[in-house]
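A.B. asks: If you want the building blocks of each chain, they are given just below.
There are 2 protein chains.
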Amino acid sequence: MSLFNVDLKRVVDDSYEIEIGYELINGLVDDLGTGLLGGAKKIAVITDSNVLPLYAKPIASKLAQAGFKVEMFVFPAGEKSKTRETKARIEDAMLEKGFRRDCGIIAVGGGVVTDLAGFVAGTYARGVPFVNFATTLLAAADASVGGKTAVDTPVATNLIGMFNQPRKVYIDIAAWKTLPLRQVRSGMAETVKHACLANADMFSFIEENLEDILSFRRFACEYIAENNCRIKYQVVMKDERESGLREILNLGHTVGRAIETVSDYRLLHGEALAVGMAAQALLSARLGYMSEEEAERVISLYQRLGLSTNVPDYIDREQLVRKLYTDKKVREGRLRFVLQKGIGDVVEFAPGVYAKPVEEELAREIIMEL
Amino acid sequence: MSLFNVDLKRVVDDSYEIEIGYELINGLVDDLGTGLLGGAKKIAVITDSNVLPLYAKPIASKLAQAGFKVEMFVFPAGEKSKTRETKARIEDAMLEKGFRRDCGIIAVGGGVVTDLAGFVAGTYARGVPFVNFATTLLAAADASVGGKTAVDTPVATNLIGMFNQPRKVYIDIAAWKTLPLRQVRSGMAETVKHACLANADMFSFIEENLEDILSFRRFACEYIAENNCRIKYQVVMKDERESGLREILNLGHTVGRAIETVSDYRLLHGEALAVGMAAQALLSARLGYMSEEEAERVISLYQRLGLSTNVPDYIDREQLVRKLYTDKKVREGRLRFVLQKGIGDVVEFAPGVYAKPVEEELAREIIMEL
Numbered sequence: 001m002s003l004f005n006v007d008l009k010r011v012v013d014d015s016y017e018i019e020i021g022y023e024l025i026n027g028l029v030d031d032l033g034t035g036l037l038g039g040a041k042k043i044a045v046i047t048d049s050n051v052l053p054l055y056a057k058p059i060a061s062k063l064a065q066a067g068f069k070v071e072m073f074v075f076p077a078g079e080k081s082k083t084r085e086t087k088a089r090i091e092d093a094m095l096e097k098g099f100r101r102d103c104g105i106i107a108v109g110g111g112v113v114t115d116l117a118g119f120v121a122g123t124y125a126r127g128v129p130f131v132n133f134a135t136t137l138l139a140a141a142d143a144s145v146g147g148k149t150a151v152d153t154p155v156a157t158n159l160i161g162m163f164n165q166p167r168k169v170y171i172d173i174a175a176w177k178t179l180p181l182r183q184v185r186s187g188m189a190e191t192v193k194h195a196c197l198a199n200a201d202m203f204s205f206i207e208e209n210l211e212d213i214l215s216f217r218r219f220a221c222e223y224i225a226e227n228n229c230r231i232k233y234q235v236v237m238k239d240e241r242e243s244g245l246r247e248i249l250n251l252g253h254t255v256g257r258a259i260e261t262v263s264d265y266r267l268l269h270g271e272a273l274a275v276g277m278a279a280q281a282l283l284s285a286r287l288g289y290m291s292e293e294e295a296e297r298v299i300s301l302y303q304r305l306g307l308s309t310n311v312p313d314y315i316d317r318e319q320l321v322r323k324l325y326t327d328k329k330v331r332e333g334r335l336r337f338v339l340q341k342g343i344g345d346v347v348e349f350a351p352g353v354y355a356k357p358v359e360e361e362l363a364r365e366i367i368m369e370l
Numbered sequence: 001m002s003l004f005n006v007d008l009k010r011v012v013d014d015s016y017e018i019e020i021g022y023e024l025i026n027g028l029v030d031d032l033g034t035g036l037l038g039g040a041k042k043i044a045v046i047t048d049s050n051v052l053p054l055y056a057k058p059i060a061s062k063l064a065q066a067g068f069k070v071e072m073f074v075f076p077a078g079e080k081s082k083t084r085e086t087k088a089r090i091e092d093a094m095l096e097k098g099f100r101r102d103c104g105i106i107a108v109g110g111g112v113v114t115d116l117a118g119f120v121a122g123t124y125a126r127g128v129p130f131v132n133f134a135t136t137l138l139a140a141a142d143a144s145v146g147g148k149t150a151v152d153t154p155v156a157t158n159l160i161g162m163f164n165q166p167r168k169v170y171i172d173i174a175a176w177k178t179l180p181l182r183q184v185r186s187g188m189a190e191t192v193k194h195a196c197l198a199n200a201d202m203f204s205f206i207e208e209n210l211e212d213i214l215s216f217r218r219f220a221c222e223y224i225a226e227n228n229c230r231i232k233y234q235v236v237m238k239d240e241r242e243s244g245l246r247e248i249l250n251l252g253h254t255v256g257r258a259i260e261t262v263s264d265y266r267l268l269h270g271e272a273l274a275v276g277m278a279a280q281a282l283l284s285a286r287l288g289y290m291s292e293e294e295a296e297r298v299i300s301l302y303q304r305l306g307l308s309t310n311v312p313d314y315i316d317r318e319q320l321v322r323k324l325y326t327d328k329k330v331r332e333g334r335l336r337f338v339l340q341k342g343i344g345d346v347v348e349f350a351p352g353v354y355a356k357p358v359e360e361e362l363a364r365e366i367i368m369e370l
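Residue numbers (this note's numbering), protein chains in the order written: chain A, 1 to 370; chain B, 1 to 370.
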């Protein structure tokens with residue numbers, strides 16, 4: 001018998017910059033010219049059918065003018081495309097076009113695009129560099145920080161994926177105006193979640209400036225984008241691998257993810273999250289972590305955003321309860337919820353533990369009320 | 001405009017142990033009991049149809065006796081199973097059986113199993129811990145060190161995958177006796193490659209002890225296993241990401257990988273590699289990096305192992321030349337080869353550069369001779 005010790009301790013630096021601003025395409029092209037993607041000359045622009053004409057084509061065209069070899073890889077817009085099959089089709093198309101490990105990837109779009117493209121980048125030739133050009137409010141709130149990439153499967157959302165950090169993230173606020181209202185509302189669902197878990201002032205700001213946000217006044221959008229990044233960043237910085245603190249970002253997602261899946265993605269992520277946030281608010285109030293009034297403020301803000309906080313009629317609530325068990329936080333067969341502590345904080349049940357075991361019966365009770 | 005700097009510089013420790021010995025199943029069960037897989041109680045044993053009765057079932061049964069919840073996930077033996085589709089089927093089965101991020105994975109088998117299972121582990125719930133229980137000579141030579149995991153696609157081998165380090169590797173020499181002769185020969189192809197690129201003494205040892213190796217005399221097997229690990233380890237230690245030095249492990253693989261694909265996997269990896277090693281030996285001699293006699297020694301050792309060094313008749317050599325361009329070492333459309341410098345060393349063309357651009361015409365000429 002003999003033993004070998006393979007010593008792979010080393011310093012890893014995955015640091016990157018998030019740029020928040022207006023009209024960032026030229027800056028992206030400049031950054032690539034100065035080696036942002038490791039000097040890659042061959043660039044895959046991954047996007048969806050909605051974003052293609054608005055942003056992906058202009059980006060591809062400017063990159064081509066700057067001397068890059070650029071190909072676009074487009075899939076149908078929507079969460080339904082976030083699958084292993086779409087990933088495989090993009091990979092096959094990239095292989096077919098001669099992309100090898102010296103290429104780079106630009107994800108142009110919302111969270112579905114950045115989740116999928118970041119996952120493609122992570123496993124293409126065992127990893128090629130990528131940047132995110134985020135065009136939606138939701139991507140600014142959710143997908144821009146943290147390095148989470150994933151696809152959905154028929155059984156569960158986001159369970160197949162990896163941590164993969166981009167080389168840079170661009171949040172182009174100018175793009176928000178091009179979003180359908182439904183997308184904007186969906187993006188605001190994550191923004192309100194951030195306020196609920198970390199920043200009471202931000203919650204008040206949204207309550208007071210709802211009209212300015214929904215009409216894309218610049219000061220309001222910048223405030224939203226910056227605070228979203230700051231909150232997510234502070235959490236992710238402290239805990240890159242979601243073992244403890246990062247779990248707080250899962251606030252509202254226990255029920256939210258389950259509804260999203262059971263609805264077969266008829267609900268957008270943020271629409272499902274609104275119901276999930278209402279569920280956790282009721283649960284938090286029931287368990288004494290926030291007042292009934294605070295729970296009502298949370299639910300009411302979602303409703304003012306035009307988001308329903310009720311389980312849609314077409315959903316079988318018992319099926320929804322069963323689906324809760326596919327949640328990533330489930331341990332040894334028990335449901336676990338992140339819960340709000342008033343507005344602007346979450347409950348830390350034990351040092352570093354933020355997901356509390358909850359009896360199925362109580363979860364069912366809340367779901368039946370919504 | 002505002003900028004955020006996401007600071008993700010940190011120390012990562014992916015170190016692990018390789019245990020080489022006889023009958024290691026009990027040791028594996030003990031290690032899991034003391035938290036090797038992060039205390040996971042739910043274990044997925046991933047294996048192929050050949051290894052299932054020989055090792056996977058005994059392992060699963062002993063783990064169950066020790067109190068673990070164990071499920072086996074089995075796919076048909078052979079490189080043809082190393083696909084995204086097999087990966088998806090395993091994932092779906094694991095999701096169906098309720099595996100979540102608190103599970104662990106044991107890969108039991110040869111290189112196909114460890115490549116595939118390591119990739120499954122890397123993207124399941126964004127990464128769960130795994131160990132490799134390597135039952136083949138090839139896995140000992142090739143798959144046990146380095147953390148490379150991957151699947152094949154219709155267009156190219158191993159181009160979709162990731163670096164993912166196991167928590168431990170077991171090389172059970174007792175298992176080699178159960179291998180079909182064809183597998184043993186295939187495994188020896190990588191072993192001889194290691195000797196060619198790094199260790200002239202090992203090359204001589206194999207020449208002199210060929211009978212003892214092929215009849216699994218313990219001293220010979222241990223020598224082979226240990227030296228394979230040592231060579232691969234030294235290379236991988238110095239260069240985990242294959243940017244420079246690690247490329248030398250690609251010796252013989254430019255033509256080898258291409259033949260393997262064009263043969264539609266009728267050839268085992270090692271059988272294809274034997275032809276690839278002959279190709280690079282002739283090329284190295286033609287370019288003056290080794291003598292004709294040394295090239296002959298390499299080719300002759302492969303033949304003594306019972307491996308053909310000729311391109312099979314059923315392969316279209318022009319198609320083979322075209323297929324060379326799917327090689328991962330291709331840069332800006334040019335073929336690149338790692339070349340031997342005598343026996344036991346490789347050519348370093350420039351500091352840290354081991355893959356030399358080679359004209360297609362010269363590559364074609366060599367392929368036509370084989």
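Bear in mind the hints are in silico, worked out from the structure with no lab data behind them. Be aware that a few hints might be false.
Copies of the same chain look alike in the list, so a pair counts if it fits in one copy or across any two.
To be verified - Derived lysine to aspartate or glutamate pairs resembling EDC-like cross-links, with alpha carbons at most 20 Å apart: (1) 323 to 222; (2) 323 to 96; (3) 80 to 332; (4) 323 to 201; (5) 238 to 13; (6) 69 to 19; (7) 323 to 345; (8) 177 to 361; (9) 80 to 208; (10) 41 to 332.
A.B. asks: Against this structure, judge whether each hint is valid.
C.D. replies: Here is what the structure says about each hint:
1. 323 to 222: For residue 323 and residue 222, the Cα distance exceeds 20 Å both inside one copy (37 Å) and across copies (50 Å).
2. 323 to 96: Cα proximity of residue 323 and residue 96: across copies only (12 Å, versus 39 Å in one copy).
3. 80 to 332: neither (30 Å within a copy, 36 Å between copies)
4. 323 to 201: neither (34 Å within a copy, 60 Å between copies)
5. 238 to 13: both (15 Å within a copy, 18 Å between copies)
6. 69 to 19: neither (25 Å within a copy, 47 Å between copies)
7. 323 to 345: neither (27 Å within a copy, 57 Å between copies)
8. 177 to 361: neither (43 Å within a copy, 55 Å between copies)
9. 80 to 208: neither (35 Å within a copy, 60 Å between copies)
10. 41 to 332: between (48 Å within a copy, 9 Å between copies)
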